[in-house]
Every structure is written in structure tokens, then in C-alpha cells.
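Novice: Residue strings, one per chain:
2 protein chains.
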Amino acid sequence: MNFKMVEAIEVLERTPQALEYFLSGLSEGWLQGNEGEGTWNVNEVIGHLIEGEKHDWIPRLEIILQDGERKTFAPFDRNAHLNEKPVRSIEEKLHEFKTLRALNINKLKALVDPEMDLELTGSHPALGTVKLRELLSTWVVHDLTHIVQIVRVMAERYRTDVGPWIQYLGILTKK
Amino acid sequence: MNFKMVEAIEVLERTPQALEYFLSGLSEGWLQGNEGEGTWNVNEVIGHLIEGEKHDWIPRLEIILQDGERKTFAPFDRNAHLNEKPVRSIEEKLHEFKTLRALNINKLKALVDPEMDLELTGSHPALGTVKLRELLSTWVVHDLTHIVQIVRVMAERYRTDVGPWIQYLGILTKK
Chain A
1 MNFKMVEAIE VLERTPQALE YFLSGLSEGW LQGNEGEGTW NVNEVIGHLI
51 EGEKHDWIPR LEIILQDGER KTFAPFDRNA HLNEKPVRSI EEKLHEFKTL
101 RALNINKLKA LVDPEMDLEL TGSHPALGTV KLRELLSTWV VHDLTHIVQI
151 VRVMAERYRT DVGPWIQYLG ILTKK
Chain B
1 MNFKMVEAIE VLERTPQALE YFLSGLSEGW LQGNEGEGTW NVNEVIGHLI
51 EGEKHDWIPR LEIILQDGER KTFAPFDRNA HLNEKPVRSI EEKLHEFKTL
101 RALNINKLKA LVDPEMDLEL TGSHPALGTV KLRELLSTWV VHDLTHIVQI
151 VRVMAERYRT DVGPWIQYLG ILTKK
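Protein chains in written order, with the UniProt record's numbering: chain A, 1 to 175; chain B, 1 to 175.
Isolated chain A, as found in the complex (with noise of 0.2 Å):
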């Protein structure tokens, strides 16, 4: 086990900021393009770690402390951000997850104490029986995943340009 909840928050604080940094100002082709259909593009990923922290990670966070295993988490809906209309700009939605993590971390700073807590449980729907500190790990890993993906959509955008260089290029060939 490496997990350790200052570490933890080393990263989700900085996910945002860097996200914001790497993609505002970028021009749409690169925030556009997706892996193919039912597959998102940049913007929708945003979406969908907005919608992690208003639904998922804190909420499940506070069953776990108030309720335990009595309570089983509400499921979380991964395609509920795909209902956003009008969709804003990238911009307006980096800002808002920026917004929505940092009280998120400071509600996790404020909720759990790290020496007592992280052993408590809840239940997952699909999952059954989970940790306190796997919910946690999972928010951190949940978070690189995502940014994995939105890279990884952005490449896709030169399959084609990179020319026979492409063999040399894991994030092309690798699926």
C-alpha cells in the first residue's frame, strides 16, 4: 500500500490547474476530436470530472463517515455530463472544476482525519464492500485516467501527420 492522504492531495490538487494550463486557449480542432463514436472528446472529459465532484467523491465520502455499510452509494450516471446544453466553453469549465475541487479538497481536509479514518467502509453498488482509502486512491488514479484520455484524444489528431514515425509512437498504436 502506498497510499497516504498528503500525497493524495498533492495530486488532486494540481489536476485542475494543470488541466487549465494545457487546454485553455487551445484551437477547437484540438478540443473536437474524439476516439470514434460513443467516445468522448476534451471538453465532455471536463464534464465528466465536473460531474465527479458534485456527485461521486464527496458524497460517497460522507456515507461512508455518517452511515458506513447501512447505506449504499447512489450509483454515479459516467454520461450525465453529455446532457450539458448549451455546452460551454472549456474554458468555463476548467474554471469550474478548479472551483468545485478546491472546496472538495477542503472538505476531505476538514472530514477525514487520515490516522483514524481510512480503514471506515461503505458499499458500492457493483462493487460491494470499500474502503475509505480506496475511495480515495480511486479519485486519484480517476483523475489520471482522464487526463490520460484527454492526451490521448489530442494525439489521435495526427495519426495520419506523424507519417511512418508512428511506429515509434505507443500512444498511436497501443489500444
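Hints should not be assumed to be uniformly reliable.
[What the hints assert, rightly or not] Pairs of lysine to aspartate or glutamate, EDC-like flavour, derived with a Cα cap of 16 Å: (1) Lys4/B <-> Glu28/A; (2) Lys131/B <-> Glu156/B; (3) Lys107/A <-> Glu62/A; (4) Lys131/B <-> Glu115/B; (5) Lys4/A <-> Glu156/B; (6) Lys54/A <-> Asp77/A; (7) Lys131/A <-> Asp113/A; (8) Lys109/B <-> Glu62/B; (9) Lys131/A <-> Glu119/A; (10) Lys4/B <-> Glu156/A; (11) Lys107/B <-> Glu13/B; (12) Lys4/A <-> Glu28/B.
Think of the hints as simulated: they come from the structure by calculation, not from any bench.
Using the hints, position chain B against chain A.
Specialist: Chain B alone, transformed into the frame defined by chain A:
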């Protein structure tokens, strides 16, 4: 073909600062892990990106512009950065990467006329004839490949910690 020089530069100029924001100040545990024997940790990936700024992209661009296919590119040593002794801090290396990248983007803008030069060709030691626009597209996708690598290596650290959630986390299950 999607390549436009102005859009390629958008990504090239964002990579160093986004990585600096994401990685500076992280605990050593995030920076020292790798994906097994013969794979690189985060610090080593930044070393490789620095080598590319020094010995790969601009030198090859200059060969294409000056000599075309008459002079084959020097092979690029993908492991040169592993000889660094002593290993410098991630913050020092990110600063060097950012500085070199800014200089190289200025050179790129000064050297290449995107209306005239993109179809010029050079000779790659393994791949044969390559176009200038393919070299520039590859520079962009090479950045993206190594951002993904950095983030994937970091996720690896919590492989066990995420518990049963691992099945939802493609970054840990698709290799």
C-alpha cells in the same frame, strides 16, 4: 491531414509549463516509481524530453532545410539521459526543458515558412524519406506520448490501493 503549424505550436508551448505545474513540489514517491525493469521514472522522462530539445527536433529540422535528403539524420539516443550524474531535481530539469523549448519554438518560427516548407524532405536513418510536416507532427505527438507515460507511471503507484475499483480504471488495466 490535420497539421497546421500554428496549432502544433499551441501544444508545444503548453507542454513544459503544464508539466511544471503538475510535477513541481510532488513527493519523491510520485517521482521515483517506474513500470518495472528498463522503464523510466518521471524524472527520467523529463530528462528524455530535454535530450529531444537538444539533439532531435531542431537539429533534424535544420538538416532538412539545409541539406534535404543528402544528409541522413544522426540517430537519436533514446537512453542518453540515463547517464546523467548526479541526477538533478525535477524542478531543475523542468526549468531546463521549459527554457530549451521556448528557444526552440522561436527557432521553429524563424526557420520555417509554413506556406512553403512543410513538404520538404529529409532522410531518417531507419524510416527513410520523411517530410518536414511529419517531423513537426511527431514532435507534438512525442510530447503527448510522454505526458501519458508520466501520468501512467504515477497511477501505477496506487495499483493495489484502489482495491476493487481497479476494474473501472483503464489506466491500470489496458497496457
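Novice: For every hint, state whether the structure bears it out.
Specialist: Results for each hint:
1. Restraint check for Lys4/B and Glu28/A: satisfied, since their Cα atoms lie roughly 13 Å apart, inside the 16 Å limit.
2. Distance restraint check for Lys131/B and Glu156/B: the Cα-Cα separation of roughly 37 Å exceeds the 16 Å cut-off, and the hinted pair is therefore not satisfied.
3. A hinted pair counts as satisfied when its Cα atoms are at most 16 Å apart, and Lys107/A with Glu62/A qualifies at roughly 10 Å.
4. Distance hint between Lys131/B and Glu115/B is fulfilled; the C-alpha atoms sit about 14 Å from each other, no more than 16 Å.
5. Between Lys4/A and Glu156/B the alpha-carbon distance is near 15 Å, which keeps this suggested pair within the 16 Å criterion.
6. For the hint pairing Lys54/A with Asp77/A, the CA-to-CA distance comes to about 11 Å; that is within 16 Å, so the pair holds.
7. Of the pairs offered as hints, the one joining Lys131/A and Asp113/A holds, with about 14 Å between alpha carbons and a cut-off of 16 Å not exceeded.
8. For the hint pairing Lys109/B with Glu62/B, the CA-to-CA distance comes to about 12 Å; that is within 16 Å, so the pair holds.
9. At most 16 Å may separate the alpha-carbon atoms for a hinted pair to count; Lys131/A and Glu119/A meet this at roughly 6 Å.
10. For a cut-off of 16 Å, the pair hint linking Lys4/B to Glu156/A stands: about 15 Å separates their Cα positions.
11. Under the criterion of a C-alpha separation no larger than 16 Å, the hint pairing Lys107/B with Glu13/B is consistent with the structure, at around 13 Å.
12. A hinted pair counts as satisfied when its Cα atoms are at most 16 Å apart, and Lys4/A with Glu28/B qualifies at roughly 13 Å.
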